[in-house]
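Number of protein chains: 4
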Amino acid sequence: MSAPPDLEPAFEAEFVVALTTLFEQRIPFNHLLGLRIDTLAPGGVIGHLAMRPELIGHYLHQRLHGGVISATLDAMAGIAVMAAIGARHMDETPAERMRRFGKLGTIDLRVDYLRPAVGERFVLRGEVLRLGSRVATTRMEFSDAAGRLLATGSAAYIVS
Amino acid sequence: MSAPPDLEPAFEAEFVVALTTLFEQRIPFNHLLGLRIDTLAPGGVIGHLAMRPELIGHYLHQRLHGGVISATLDAMAGIAVMAAIGARHMDETPAERMRRFGKLGTIDLRVDYLRPAVGERFVLRGEVLRLGSRVATTRMEFSDAAGRLLATGSAAYIVS
Amino acid sequence: MSAPPDLEPAFEAEFVVALTTLFEQRIPFNHLLGLRIDTLAPGGVIGHLAMRPELIGHYLHQRLHGGVISATLDAMAGIAVMAAIGARHMDETPAERMRRFGKLGTIDLRVDYLRPAVGERFVLRGEVLRLGSRVATTRMEFSDAAGRLLATGSAAYIVS
Amino acid sequence: MSAPPDLEPAFEAEFVVALTTLFEQRIPFNHLLGLRIDTLAPGGVIGHLAMRPELIGHYLHQRLHGGVISATLDAMAGIAVMAAIGARHMDETPAERMRRFGKLGTIDLRVDYLRPAVGERFVLRGEVLRLGSRVATTRMEFSDAAGRLLATGSAAYIVS
Numbered sequence: 001m002s003a004p005p006d007l008e009p010a011f012e013a014e015f016v017v018a019l020t021t022l023f024e025q026r027i028p029f030n031h032l033l034g035l036r037i038d039t040l041a042p043g044g045v046i047g048h049l050a051m052r053p054e055l056i057g058h059y060l061h062q063r064l065h066g067g068v069i070s071a072t073l074d075a076m077a078g079i080a081v082m083a084a085i086g087a088r089h090m091d092e093t094p095a096e097r098m099r100r101f102g103k104l105g106t107i108d109l110r111v112d113y114l115r116p117a118v119g120e121r122f123v124l125r126g127e128v129l130r131l132g133s134r135v136a137t138t139r140m141e142f143s144d145a146a147g148r149l150l151a152t153g154s155a156a157y158i159v160s
Numbered sequence: 001m002s003a004p005p006d007l008e009p010a011f012e013a014e015f016v017v018a019l020t021t022l023f024e025q026r027i028p029f030n031h032l033l034g035l036r037i038d039t040l041a042p043g044g045v046i047g048h049l050a051m052r053p054e055l056i057g058h059y060l061h062q063r064l065h066g067g068v069i070s071a072t073l074d075a076m077a078g079i080a081v082m083a084a085i086g087a088r089h090m091d092e093t094p095a096e097r098m099r100r101f102g103k104l105g106t107i108d109l110r111v112d113y114l115r116p117a118v119g120e121r122f123v124l125r126g127e128v129l130r131l132g133s134r135v136a137t138t139r140m141e142f143s144d145a146a147g148r149l150l151a152t153g154s155a156a157y158i159v160s
Numbered sequence: 001m002s003a004p005p006d007l008e009p010a011f012e013a014e015f016v017v018a019l020t021t022l023f024e025q026r027i028p029f030n031h032l033l034g035l036r037i038d039t040l041a042p043g044g045v046i047g048h049l050a051m052r053p054e055l056i057g058h059y060l061h062q063r064l065h066g067g068v069i070s071a072t073l074d075a076m077a078g079i080a081v082m083a084a085i086g087a088r089h090m091d092e093t094p095a096e097r098m099r100r101f102g103k104l105g106t107i108d109l110r111v112d113y114l115r116p117a118v119g120e121r122f123v124l125r126g127e128v129l130r131l132g133s134r135v136a137t138t139r140m141e142f143s144d145a146a147g148r149l150l151a152t153g154s155a156a157y158i159v160s
Numbered sequence: 001m002s003a004p005p006d007l008e009p010a011f012e013a014e015f016v017v018a019l020t021t022l023f024e025q026r027i028p029f030n031h032l033l034g035l036r037i038d039t040l041a042p043g044g045v046i047g048h049l050a051m052r053p054e055l056i057g058h059y060l061h062q063r064l065h066g067g068v069i070s071a072t073l074d075a076m077a078g079i080a081v082m083a084a085i086g087a088r089h090m091d092e093t094p095a096e097r098m099r100r101f102g103k104l105g106t107i108d109l110r111v112d113y114l115r116p117a118v119g120e121r122f123v124l125r126g127e128v129l130r131l132g133s134r135v136a137t138t139r140m141e142f143s144d145a146a147g148r149l150l151a152t153g154s155a156a157y158i159v160s
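Protein chains in written order, with the working numbering: chain V, 1 to 160; chain S, 1 to 160; chain Y, 1 to 160; chain U, 1 to 160.
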């Protein structure tokens with residue numbers, strides 16, 4: 001392969017639109033949370049979440065509920081695994097790749113809460129540390145709009 | 001104290017109502033999820049969650065989103081810690097005890113997903129394994145209506 | 001099968017000896033730690049560990065190193081998974097069952113430290129919460145000789 | 001402060017020697033494992049571990065025991081927290097800073113195992129994601145000599 005090793009294959013617009021639509025619209029709880037995807041690449045996924053009163057977790061402070069953080073980090077890890085699986089099968093059509101995601105399941109999830117989540121908008125990142133033939137291990141970050149790290153996560157997925 | 005050591009002090013109705021109302025009504029994200037408390041005792045808390053279309057996580061199957069499980073287990077662990085703190089301060093009025101919960105914060109959370117969460121109604125349990133002067137460690141379970149264990153969790157909290 | 005559903009098949013002495021010997025003698029790091037198996041049953045495994053000066057983790061106190069706890073809980077979860085796999089294949093000879101353990105691998109591990117581990121002897125338990133066709137989820141406990149819970153753990157394993 | 005923000009205060013040799021000696025020599029289980037510190041800085045700690053037959057975890061393969069990985073990652077996180085606490089108190093003498101470490105305790109630990117640990121020498125890194133007044137959250141990595149990531153970890157510590 002003549003490309004530099006850090007140059008990943010880019011996804012076709014068709015695949016990006018299909019996977020983003022699945023994630024944002026056809027997974028009802030992601031839609032309820034308002035989680036949106038901004039960048040979908042083989043090496044990782046970036047999304048964002050807008051603060052809304054229903055997502056508050058503390059009646060005195062205007063803090064995001066910790067459960068919103070764990071739920072959205074889990075979702076980001078899942079779509080990062082889908083992107084990594086998609087990148088491994090670029091010889092297939094986007095539609096064929098989309099059919100591969102039916103077997104995906106979360107094995108477990110850990111979230112470390114670093115700082116109170118206060119703000120208008122939050123940025124989420126998910127990346128796959130290792131995609132094996134059976135298990136994928138992921139790492140996630142939840143930051144505020146200024147880039148301050150508010151929570152980190154890791155999750156394991158069964159992939160086949 | 002003449003009571004046997006395994007007989008826990010029971011909470012007054014005033015405290016149970018105040019804490020349940022705080023949890024179900026005044027924490028907006030718990031309200032959005034529809035998480036309800038059924039039993040609130042010093043040794044642990046039991047609640048339930050009704051399935052709703054917005055909580056689905058998989059567009060093909062009618063499965064609960066994994067993020068709903070992590071969010072509700074986190075919430076159950078939090079109220080279990082509040083109950084354990086309340087039980088340690090039964091010499092205070094219920095209102096005084098309620099004021100102790102402002103400093104509570106989740107340090108981290110782990111969830112193990114055992115089986116797909118399918119059903120009309122789910123049962124959640126939270127208990128405190130150890131309440132120290134600084135840290136509380138909790139264990140949680142998420143089951144279906146038939147008592148089948150679907151997920152387990154553990155979480156650590158800072159309490160003062 | 002006419003036996004009540006909660007009556008587990010008992011292992012033959014040959015299998016118990018083979019698996020215990022593998023665990024205690026042929027896994028060098030378990031031998032270095034001095035981890036011993038006392039009960040090996042399909043539903044769970046119980047073992048113990050004797051305190052030794054080399055296992056201390058704090059130069060001022062005589063506490064067991066946290067890493068001894070995580071290492072032994074990981075090991076106990078692994079043998080609990082082996083027992084659960086063995087119980088599923090009682091139609092095979094003990095030797096055939098022993099050959100099934102080559103593919104086993106830890107996906108991840110979590111340990112919650114509840115209390116300082118001080119004492120002469122510690123008791124460890126491992127049980128499998130769910131053995132699937134691909135993943136096993138386990139729960140572990142680390143106690144002192146008086147039965148006081150010092151640490152808990154959970155771990156996921158790939159099994160095939 | 002006129003120094004660039006990424007220029008951390010460097011530790012005095014006296015502090016580096018004292019903390020390294022404590023870690024490698026006066027914590028018996030670290031000594032048993034053979035865990036060594038190579039770099040000790042406010043922003044993180046790097047160490048290494050040499051493979052030895054007693055550290056093997058699988059009788060068929062020459063793989064490091066998963067428990068060695070969890071134990072050494074826990075230890076690396078602990079010394080990274082000590083370094084971060086030390087960096088916050090550079091106005092104190094090295095001896096005064098050393099006395100601050102008595103209250104440190106691991107709350108919990110997670111390890112994700114990515115690849116089999118085979119090799120002659122392993123490299124470990126620990127860094128503090130956030131040092132609060134009560135809790136420190138850490139992230140760790142375990143790699144082979146070629147820099148291939150074999151395991152990652154996260155741990156929470158109580159610091160006062």
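Hints were generated in silico from the structure; no laboratory data involved. Glycine is no exception: its CB is placed at the ideal position from the N, C-alpha and C atoms. Please note that the accuracy of each hint is not assured.
[Said to hold, decoys possible] Covered stretches of chain Y, as calculated for chain U (at least 3 residues, CB under 8 Å):
1. 29-40
2. 85-95
3. 100-108
4. 121-130
5. 136-145
[What the hints assert, rightly or not] Not everything, but these chain S residues come out facing chain U in the computed CB check (under 8 Å):
6. 110
7. 127
8. 129
9. 131
10. 134
11. 156
12. 158
Okay, the hints, checked on the actual structure:
| no. | hint | verdict |
| --- | --- | --- |
| 1 | 29-40 | holds (count 5) |
| 2 | 85-95 | violated (count 0) |
| 3 | 100-108 | holds (count 5) |
| 4 | 121-130 | violated (count 0) |
| 5 | 136-145 | violated (count 0) |
| 6 | 110 | holds (7 Å) |
| 7 | 127 | violated (16 Å) |
| 8 | 129 | violated (11 Å) |
| 9 | 131 | violated (13 Å) |
| 10 | 134 | holds (6 Å) |
| 11 | 156 | holds (5 Å) |
| 12 | 158 | holds (6 Å) |
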